[in-house]
Structure formats: C-alpha cells, structure tokens
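Read left to right, the sequence shown gives residues 1 to 151 (full-length UniProt numbering).
It should be emphasised that the hints constitute simulated quantities derived from the structure, not laboratory data. Treat the hints with caution; some may be incorrect.
[Stated by the list, open to error] Here are the simulated lysine-lysine pairs, DSSO-like style, with alpha carbons at most 27 Å apart:
(1) K132 to K142
(2) K97 to K123
(3) K132 to K42
(4) K71 to K108
(5) K115 to K132
(6) K42 to K81
(7) K108 to K42
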Amino acid sequence: MALTGKMVSEVEIYTNGDDIFHIVAGKNAQHAPNLSPEKVHKVEIHQGDWGDHGSIKVWTYVAEGQVETYKEKVSIDEENKTVHMTALEGHCLELYKSYNIIYEFIQKGETNAVKITIEYEKKNEHVPPPQKYMDFLISWIKDLDTNLVKE
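Please model the complete structure; the sequences and the hints are all you need to start from.
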C-alpha cells in the first residue's frame with residue numbers, strides 16, 4: 001500500500017477570487033476568523049510579514065469538531081494565483097510525515113474556482129487519507145466566498 005498520496009478538489013466561487021487569494025496567501029489572513037469564525041479561530045504571524053513569500057503562520061481551526069493548529073510556511077505565486085503551504089508543525093503531522101496544501105485560483109468567465117490539492121505522506125499504512133482536512137478546506141473556502149459576496 002502506498003504511503004504517499006494526493007487529493008484534489010475544485011470549489012466553484014462567486015467572488016472574483018482575489019479577496020480569497022489574499023486571505024489564503026496571508027496578506028489578509030488575519031481577517032479569516034471574522035469571515036469564518038466557526039472554522040478559523042485565529043491566525044498568527046510567526047515569522048515574516050503578512051502576505052510575504054516564505055512567511056510562517058500558525059492557524060487555529062476546527063476540523064470535525066476538534067480544535068487543531070497548523071504551522072505553515074507559505075510560497076506565493078502572484079502571477080499564477082497559486083499558494084503552496086508546507087506544514088511545519090501541527091495536528092496533521094501526528095498522522096503524516098509530510099503534508100502540503102496547494103491552492104490554485106482559476107478564472108472561468110462569470111464564475112471562478114479554487115482548486116485545492118493536498119499532497120501527503122502517511123506515517124504508516126493504517127493512516128487514512130486526509131479527507132477530514134479536505135472537507136474542512138472546501139467548507140472554509142465556501143464560507144469565505146459566501147461572506148465576501150455579502151460584503
């Protein structure tokens with residue numbers, strides 16, 4: 001059984017995507033708890049500045065009813081609207097040797113989409129794929145989109 005894997009999902013959004021991109025990339029990440037308070041409790045900058053390539057942030061969020069943390073280092077490609085997060089610490093690393101999230105913001109005419117990819121390596125063959133984290137990310141992006149459309 002393979003220990004490495006990849007999960008991919010695409011979420012349709014109704015905002016232009018830039019606002020969500022800047023929250024995910026970190027420039028406006030501090031607003032995430034206001035836009036999705038049930039899912040994201042806080043975001044703290046640990047190293048660097050908000051939105052800087054290579055900055056390190058700590059997210060406190062709720063996945064499947066459990067409060068968890070995720071310390072990540074971010075790589076940002078503004079031109080291609082892509083954000084790559086590498087887990088440094090957190091609950092996900094209790095199950096996975098490596099855990100990366102990639103967000104790609106795609107323009108599709110009247111609607112847009114966010115493609116979410118989770119790349120991971122399980123610590124052993126008994127560890128399930130990170131479906132709970134994918135479900136959280138999909139739900140969070142939908143929350144951000146809904147609340148930004150209201151504004």
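Hints, verified against the model:
no., hint, result
1, K132 to K142, "holds, 15 Å"
2, K97 to K123, "holds, 5 Å"
3, K132 to K42, "holds, 19 Å"
4, K71 to K108, "violated, 32 Å"
5, K115 to K132, "holds, 17 Å"
6, K42 to K81, "holds, 24 Å"
7, K108 to K42, "violated, 31 Å"
Going down the numbered hints, you'll see the structure goes against 4 and 7, while the others check out.
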